[in-house]
Every structure is written in structure tokens, then in C-alpha cells.
Amino acid sequence: AQSVTQLDSHVSVSEGTPVLLRCNYSSSYSPSLFWYVQHPNKGLQLLLKYTSAATLVKGINGFEAEFKKSETSFHLTKPSAHMSDAAEYFCVVSGGTALIFGKGTTLSVSS
Amino acid sequence: DGGITQSPKYLFRKEGQNVTLSCEQNLNHDAMYWYRQDPGQGLRLIYYSQIVNDFQKGDIAEGYSVSREKKESFPLTVTSAQKNPTAFYLCATTSVRGQGGNQPQHFGDGTRLSIL
Numbered sequence: 001a002q003s004v005t006q007l008d009s010h011v012s013v014s015e016g017t018p019v020l021l022r023c024n025y026s027s028s029y030s031p032s033l034f035w036y037v038q039h040p041n042k043g044l045q046l047l048l049k050y051t052s053a054a055t056l057v058k059g060i061n062g063f064e065a066e067f068k069k070s071e072t073s074f075h076l077t078k079p080s081a082h083m084s085d086a087a088e089y090f091c092v093v094s095g096g097t098a099l100i101f102g103k104g105t106t107l108s109v110s111s
Numbered sequence: 001d002g003g004i005t006q007s008p009k010y011l012f013r014k015e016g017q018n019v020t021l022s023c024e025q026n027l028n029h030d031a032m033y034w035y036r037q038d039p040g041q042g043l044r045l046i047y048y049s050q051i052v053n054d055f056q057k058g059d060i061a062e063g064y065s066v067s068r069e070k071k072e073s074f075p076l077t078v079t080s081a082q083k084n085p086t087a088f089y090l091c092a093t094t095s096v097r098g099q100g101g102n103q104p105q106h107f108g109d110g111t112r113l114s115i116l
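As they're listed, the protein sequences go chains A and B.
Last residue of the first sequence? That's 111 in our numbering, and every number before it is there in order.
Last residue of the second sequence? That's 116 in our numbering, and every number before it is there in order.
Errors might be hidden in some of the hints.
As the list claims (entries may be wrong) - Residues from chain A shown here face chain B by an in silico Cβ test under 7 Å; the list is partial: (1) Gly43; (2) Leu44; (3) Ala98.
To be verified - Here are the simulated lysine-lysine pairs, DSBU-like style, with alpha carbons at most 35 Å apart: (4) Lys49(A) / Lys14(B); (5) Lys57(B) / Lys68(A); (6) Lys71(B) / Lys14(B); (7) Lys9(B) / Lys103(A); (8) Lys68(A) / Lys70(B); (9) Lys68(A) / Lys42(A).
The set of hints was computed from the structure by calculation and includes no laboratory data.
Here the structure is a predicted model, which means the values were calculated and not measured.
Just so it is clear, CB atoms sit at the ideal spot from N, CA and C, and this is done for glycine as well.
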């Protein structure tokens, strides 16, 4: 069975410092993996996706993630946080006919 | 503009009442999904439909019902049997039938349901 674990429920950074949101997955086959972002009272927006091509995936707004099969990880990073990055982030793994969502990481950015 | 429209944005339910949440899409996508979001729990799948006049239960279907009479529309009814309906409800679509787990999903802006 497929599952995903987001290792931090809340991450706080200062504006201009790096962001690291951690995600581990479990899958019985080569998975598709996604990161989504959600701003308050809004739907989810796709940041990036991994579908077995390059292991380093670049997304929108300067985010990227690296697929590491040996560590079963798909951590999301950004070199320099911006105030507008404050939101909730979801790591998602493919689950056949539907997606399986992590419980989310809330990113706070202080000035 | 292409997109997914959920209405209403806020909805209140009285005891013993059924309420229906609307989801309309003009993306021409085959598959549509309903998720429930509670704080700290991520998104949980309620129902999904890959084709008109067909739908399947997700992980938490009890107390909910759906219909798919048109490709563009996938309404969700929260019945009185759902004893804890207060949550944020999200509708999503994906373009490829049968590949909803491997393709990105597009989301509406959600409906927040509360109990009166």
C-alpha cells in the first residue's frame, strides 16, 4: 500500500533563508510524487511533480524537490524564502486511481 | 477561463438536514473527486467518478452521496447520517480516466461547511 509521511507539522523560517520541508513515502511500485501548496481558504495548487524522469524536479516559484529512492524521500526546498511562501504544503503519492495526501506542513515566514 | 467552480463558498447545515455542494468544471476532464479536509489531517477521499453515470466510494464515503449525470458536474450531498460534517470540502479533476493517481489534479477553491 502507498503512504506518505510529512515529518514536520510546522516549519518557521526567516525571509531570505532556505526552506526545507521533509517528506518520506512508501510505495510498492515506482511512484508518482507531487507537492501542492494551499493558501488559507483556497484550493490546492500544484508546485511540482516527479514521474520517474529526472530525480531533481524544478517547480514553480523557485521550489524544487529531489527524489531519493534509497531514502524513500522527496523533500521540498527553496534557496530563499519569501513572505508570500507562507502557506500549507502537502506531499502526495500516487495511489492507483486516486492520490494519497500527507497531513501537511505549515510554513511560517517572518520578516 | 477554464477552471473548477465550487459553490457556495460557505454553507451552514441544521440538525437533520441534507445539504448539497456544487462542483462544476469546464476543463473537459473525465475524472472528478471530492475530498474532505480537517485541520492537521490532510485530504481524505470521499467519492470519485471517472465517467458519467459511474462513481466509486473513497475512504470516508459514509454519510455522503454523489451523482454524475453530466461530465461537467459532480455534486456532493452531505446527508443527516454524517454526524460530524463540519469541514472544508474540495473538488478536484484530472484529465485522464483511470490515471487519477498518476496525474496532477486540479482543485476548486472549496466549500466550508459548518453546523448551526
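Results for each hint:
no., hint, result
1, Gly43, "holds (3 Å)"
2, Leu44, "holds (4 Å)"
3, Ala98, "holds (5 Å)"
4, Lys49(A) / Lys14(B), "violated (41 Å)"
5, Lys57(B) / Lys68(A), "holds (33 Å)"
6, Lys71(B) / Lys14(B), "holds (30 Å)"
7, Lys9(B) / Lys103(A), "holds (23 Å)"
8, Lys68(A) / Lys70(B), "violated (42 Å)"
9, Lys68(A) / Lys42(A), "holds (30 Å)"
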